Amino acid sequence: METITINKEIDARGSFCPGPLMALIGAVKAAQVGEVVAVLSADDGSKKDIPLWIAKARHEYLGAEPAAGATRFVCRKLH
Amino acid sequence: MKRILVLGGGTGGTLVANLLAKKLRPAEAEIVLVSASARHLYQPGWLYVPFGRQDPRALSRPLRRLLRPRVRLQIGTATGLDTTQQQLTLASGAALAYDYLVLAPGARITPADIPGFQEGVQHFYSEEAAFRLHAALEEFQGGRIVVGVGGLPHKCPVAPLEFTFLLDEYLTHRHLRGATEIVYTYPIGRVFSIPSVAEAAQPLLEQRGIQIETFFNLEEVVPERKLLRSMEGTEIQADLLIMTPPHRGAQFLEGHPLADAQGWVKTDRATLQVAGADNIWALGDVTDLPISKAGSAAHFEAPVVVERLTAALRGTAPNPQHAAYGGHVMCFLEVGYGKASLLDFDYGRPPQVAAPNPIVHYQKMVFNKAYWYLVPTGVA
Chain G
1 METITINKEI DARGSFCPGP LMALIGAVKA AQVGEVVAVL SADDGSKKDI
51 PLWIAKARHE YLGAEPAAGA TRFVCRKLH
Chain P
1 MKRILVLGGG TGGTLVANLL AKKLRPAEAE IVLVSASARH LYQPGWLYVP
51 FGRQDPRALS RPLRRLLRPR VRLQIGTATG LDTTQQQLTL ASGAALAYDY
101 LVLAPGARIT PADIPGFQEG VQHFYSEEAA FRLHAALEEF QGGRIVVGVG
151 GLPHKCPVAP LEFTFLLDEY LTHRHLRGAT EIVYTYPIGR VFSIPSVAEA
201 AQPLLEQRGI QIETFFNLEE VVPERKLLRS MEGTEIQADL LIMTPPHRGA
251 QFLEGHPLAD AQGWVKTDRA TLQVAGADNI WALGDVTDLP ISKAGSAAHF
301 EAPVVVERLT AALRGTAPNP QHAAYGGHVM CFLEVGYGKA SLLDFDYGRP
351 PQVAAPNPIV HYQKMVFNKA YWYLVPTGVA
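Chains G and P are the protein sequences, given in the same order. Residue 10 in the working numbering sits at position 10 of the first sequence, and the numbers go up by one each step. Residue 339 in the working numbering sits at position 339 of the second sequence, and the numbers go up by one each step.
Certain hints may be false.
Interface residues of chain G toward chain P, partial, derived using beta-carbon atoms under 7 Å [claimed, not checked]:
no., residue
1, I4
2, F16
3, P18
4, G26
5, V33
6, G34
7, V36
8, P51
9, A55
10, A57
11, Y61
12, A64
13, R76
14, L78
Covered stretches of chain P, as calculated for chain G (at least 3 residues, CB under 8 Å) [to be verified]:
no., segment
15, 148–156
16, 180–189
17, 346–357
Simulated from the structure, these hints should not be mistaken for laboratory data. Owing to the predicted nature of the structure, the values given are computational and were not obtained by experimental measurement. A virtual CB, placed ideally from N, CA and C, is assigned to each residue, including glycine.
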């Protein structure tokens, strides 16, 4: 993944409730349009859930990369 | 003498103040708790108020009576925090100096964050709203009711699901269930954030004829059309709209260097120390930790804050056994008809959900009554 400036990163490793995707949604809602939000998740389900929600909510999925023993999912708020 | 200031008279603040008062010798520090309210509220009880199962007056007690005599109580609303001067300012103009600070002002509901919410949506996240909803439900004669999450994060993750189950039971008792369509909405692609809970809850919702609309993140309300619009582009119209309201941290913390733009305090997930301040800790709903905003989290966080603050004050090393918050949360999930499940988890251990049963329901009922004696006082 090319270097992208992340405006806000949430460490949701070990966060079962409300979970990494809910944390990402909250952060995307609170962000300014154009800002980039990332979430660190150790949950396997996130690999499907997170890109799926980003697509449904019509934001930009910037991809996933290994980070801190988990996966970093990156999203740009488009609207 | 050193002064410890605890901001917030809810579960986290009250418990921390009491534990500090138990642990520290009087000469070691003065302990002052600042609360905007003279009452300590048991918010989980508001879930039952709309169904006429709980008197709202029994859900608050005088904060002074829950605090050990040694804790000084100051009633006032915090309006500013200067970490250089080490001073908390109150609305009255009073400035309280501190040597150590614990931030536990909780989360506040901000229904105005969503256009149309205040005019068109009911909720149970305040005493007044819960009672108003009780009146609305008693007037309800049939039609469609939608229940869901109106903003993230929100206090008590299980509450919308519990409310839906209790609503089904309530309408059945009133012989209105056949005349009512219930729609349950949730922000992600399943009925609850925890997969094992979602797997257990979905069949129950389906069996009880409750419609499910997933991937629904509330964006706007059109009150005159009784319409909810989601971020995902879907719409739901209903006769009664019941959604958890948007939340933020304490108003004076919005945009403060110690917090983000929403007022959530930047907190270390293990030490509970506030980022950039070695004499400030935070616990409870106000932190930016992506964990459950639940009294239970504050309950388990409190001893860690107390251990670390005490060690800092005494210039000793914190006891490693008590110095790290492991993410422990314990919550009840009410599913109606006298049954409930217990959710118990931490950062390293996912919840293992047992089938809902009457024993756990009774445990929840007992806990709701015993809370006052066991939790804020530091007994349990």
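Hint check results:
Annotation: interface hint on I4/G violated; nearest CB of chain P at approximately 20 Å, more than 7 Å. Restraint check, F16/G versus chain P: the minimum CB separation of about 5 Å is within 7 Å; hint holds. Because the beta carbon of P18/G sits about 4 Å from the nearest beta carbon in chain P, less than 7 Å, this interface hint is met. Taking 7 Å as the C-beta contact cut-off toward chain P, the hint placing G26/G at the interface holds, the least distance being around 3 Å.
Interface hint at V33/G: violated, since its Cβ lies 13 Å from the closest Cβ of chain P, which is beyond the 7 Å cut-off. Checking G34/G against chain P: minimum C-beta separation of about 15 Å lies over 7 Å; hint violated. Interface restraint check: V36/G against chain P, minimum CB-CB distance 15 Å, threshold 7 Å, status violated. Below 7 Å, beta-carbon pairs count as interface contacts, and P51/G has none with chain P, the closest being about 11 Å; its hint is therefore violated.
Restraint check, A55/G versus chain P: the minimum CB separation of about 10 Å is more than 7 Å; hint violated. Taken as an interface hint, A57/G checks out: its beta carbon lies about 5 Å from the nearest beta carbon of chain P, inside 7 Å. Violation of the interface hint for Y61/G is found here, the shortest Cβ-Cβ separation to chain P being roughly 15 Å, above the 7 Å cut-off. A cut of 7 Å between beta carbons decides the hint on A64/G: the least distance to chain P is about 17 Å, and the hint is violated.
Here the hint on R76/G is broken, as its CB sits about 15 Å from the closest CB of chain P, past 7 Å. Nearest Cβ of chain P to the Cβ of L78/G: about 11 Å, over the 7 Å cut. The hint is violated. Under a criterion of three residues with beta carbons nearer than 8 Å to beta carbons of chain G, the stated coverage of the segment 148–156 of chain P is upheld, 3 such residues being counted. As drawn, the segment 180–189 of chain P meets chain G at 3 residues by the rule of a beta-carbon pair under 8 Å; at three or more, the given contact holds.
Given a C-beta distance limit of less than 8 Å, the hint that chain G covers the segment 346–357 of chain P holds, as 5 residues qualify and 3 suffice.
Checked against the numbered hints given earlier, this structure breaks hints 1, 5, 6, 7, 8, 9, 11, 12, 13, 14; the rest are met.
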